[in-house]
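Trainee: Sequence:
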Amino acid sequence: MLTLIIESDGAATRTLRIDRFPCRIGRAREADVVLGGWRVARVHAELQRIDRGYRLVDTGTLAGTWVNGERIAEFGPLDERDEILIAGHRLTVHPAVASDNEGLTAAVASGDPSSGRGAGAVQDVEGEGPDTARAGAAASPSAEAAMHWHRILHRRLLQAMDLHRKDIRQLSPEQLRVEARSLLEGLVTVEEALPAGIDRAALVERVLDEAIGLGPLETLLADDTISEIMVNGAREIFVERAGLIARSDAIFSGDEAVRAAIERIVAPLGRRIDESSPMVDARLSDGSRVNAIIPPLALRGPALTIRRFNRRLFAPSDLVAIGSLSQPMLDFLALCVAQRQNIVVSGGTGSGKTTLLNLLSNLIPAGERIITIEDAAELRLAHPHLVALESRPANLEGRGQVTIRDLVRNALRMRPDRIVIGECRGGEALDMLQAMNTGHDGSLTTVHANSARDVLSRLETMVLMAGVEMPLTAIREQVASAVDLVVHQARLPDGARRIVEIAELTGMEGNRILMQPLFRYRRTGQGGNGRFSACGNVPQCLETLRERGVSFDLAIFEEPADA
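Residue numbering for the sequence shown follows our numbering, beginning at -1 and increasing consecutively.
Simulated from the structure, these hints should not be mistaken for laboratory data. Honestly, I wouldn't trust all of these hints.
Unchecked claim - Taking CB as the label site, the calculated pair distances span:
{"no.": "1", "residue 1": "Glu172", "residue 2": "Gly86", "range": "35 to 43 Å"}
{"no.": "2", "residue 1": "His383", "residue 2": "Asn527", "range": "36 to 44 Å"}
{"no.": "3", "residue 1": "Ala9", "residue 2": "Arg239", "range": "42 to 50 Å"}
{"no.": "4", "residue 1": "Gly321", "residue 2": "Ile243", "range": "42 to 50 Å"}
We put the beta carbon where it would ideally sit given N, CA and C, even for glycine.
Work out the full structure, taking the sequences as your base and the hints as a guide.
Mentor: This is how it looks when you write it as structure tokens:
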């Protein structure tokens, strides 16, 4: 059984149910689906049942049959996302479940042998649309039926706004939503074929979100418990809550809706995404990080990943309360930041590096000048003397690119007390190490790495990516001299984020960089259960701090007896 929704210019929308195949579409009265208009052939096309669903076949007409903007001889299998155009009539199909309570309104003729129509053939008589289309109305509309009407009303809303000649660029977001809502509610009011069981208020909100917002992402972005949104395709949206990933019920109406949402995100930032540049990094107004990739690189349709940024800034006590680190670890890190120790925060994707970097940056004393450098601005520093810089991709002509490395070199001319780089992932690591070694102590950055020891090899590799011919020994001496502490963070199997190691770089021995662990998170079970403990090593940096008159309780570095 197949349900067919027909939109015709100047006529009411009709929803037909077809249970006899092949189903002939044309202007002849003996056709199973009758369409008006001189461009429609007597038998224009046929719907045929095939093993995998349904196929549409053009009968060789002059005007042609079009599917998704392309003229076809035959096309199949059809699904609800395919848009069929026959001489000004727009058709969409829905393979209905065999149930009269499907939630899809239908116009069905029982059939009169003398009329030339077989039993079960559908009927489309101009002028009878509203009454005929409501015959056999069902009780509870299915999600697919609602999605059909979502697409129809979305298309009609855009047409109505175009007809009203509204210059949306001169409207504020609030004014645009009010204007669009007024037009859409008018369209819903006059649409008599809309199934009675569909929640019209919810339908209006969904269409508005897609037409002028980010579609189903609007609801997800309003949920503060969601830390990440992953759109794998129009009908596959996953979310992360408390470190655990689950599939969301929200869906887009199609790939075009996903593309439109991506465009609305990147356009205000002056960035672009198209077939010639199919990847983009961007951010939302609240600081959330966005990555998008589209075909031809994304084989299953546009993919979108949004890393949510916490709307409230974490205070140091908050991280202790949720178990990300212990109070002694926090006290030691706060001392190191205040005393201008160079710190690298490491970890895997989603381990909480940026959140920790933001917290450490906010511990910098108020009298210092901070310059932050990021690919997409995420850091939110409550600091009175701050300059925030953001890299820029190349324009359509391939010009105008400003890299992180360019910004690091420029920052050195801006009289910084501290340089904070959102993430080192390339040749900018060399410039960062040189800055740390030339009077810009107390700088902070993050690095992707599997462990604190792996940070050293990652930094070596990134320095080599700068294209500077340097012996490996010289690179290691730069790293050992520049970096004071490595703070490694990880996401545990239960979704919790913990600082699993704080290690100090203590110098060189031959060609090897020496590193001693100061604190570790020791797991005591199969999941994420464990405890923080010192490793029994006293930081060498405390000797230098003692000479400056800074005192610190060394008891926190004593290793527990049962460790």
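Trainee: May I ask which of the numbered hints given earlier this structure violates, with the numbers listed in increasing order?
Mentor: 4
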